[in-house]
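Peer 1: Sequence:
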Amino acid sequence: MQTIRKSLGLVLIMFVLCGFIFPLTVTALGQVLFPEQANGSLVKQDGKVIGSKLIGQQWTEPKYFHGRISAVNYNMNANEVKESGGPASGGSNYGNSNPELKKRVQETIKQEGQKLSSDAVTTSGSGLDPDITVDNAKQQVKRIAKERNIDASKINHLIDENKQASPMADDYVNVLKLNITLDKL
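Counting from 0, one number per residue, gives the positions in the sequence shown under numbering that gives the first Met the number 0.
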């Protein structure tokens, strides 16, 4: 009986500690030390939330930079996910040898009419990547300059100003940040 009482006491203590005290402490520390990140790194324009620095969006208009291809079509609406039964996040299951991947890549290259960087034709692991490589961004400059009737050098300068270095991969830019800055030109 003594062993059962001690075991139940330990379960209760661990339940309170792990179920309430620890999560509340971590949440409070996050809100105090990193309030922007703890709340999703939301980007506001004119007081209205227009996106997140951490979650990609689908950009289809030719006057904007386009993000990576999404295996889930940037589906982040919880109600749509519930109704469709599909995921809100996820990468493509296509391996390098999959004929469907090869077909999609060839169609994308044909549509763009030029050789493209790998992140322009492949999905990210989450399907919601907010960033593209600098090479990918530079490959889109001609289209954007033509659509907006502005000099390509201004757009290239914009890319260089927003470039973020990566120690393990190619330098990258945030698509949302680029497009917001592009609208201000």
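Hints in this document: simulated from the structure, not taken from any laboratory. There may be inaccurate statements among the hints.
[Stated by the list, open to error] No farther apart than 30 Å at their CA atoms in a straight line, the calculated lysine-lysine pairs in the DSSO-like style are these: (1) K141 x K5; (2) K145 x K162; (3) K114 x K102; (4) K183 x K137; (5) K162 x K114.
Just so we're clear, the structure is a prediction, and the values are computed from it rather than from any experiment.
Peer 1: Between K145 and K162, does the CA-CA distance stay at or below 30 Å?
Peer 2: 22 Å, holds
Peer 1: Going straight from one Cα to the other, do K183 and K137 come out at no more than 30 Å?
Peer 2: Between K183 and K137 the Cα gap is close to 19 Å, so the pair holds against 30 Å.
Peer 1: Could you grab the alpha-carbon distance between K114 and K102 and see if it respects the 30 Å cut-off?
Peer 2: Holds, at about 15 Å.
Peer 1: Within 30 Å, alpha carbon to alpha carbon, are K162 and K114?
Peer 2: 22 Å, holds
Peer 1: Does K141 pair with K5 here, judged by a C-alpha cut-off of 30 Å?
Peer 2: 71 Å, violated
In this structure, only the earlier hint numbered 1 is contradicted, and the remaining ones agree with it.
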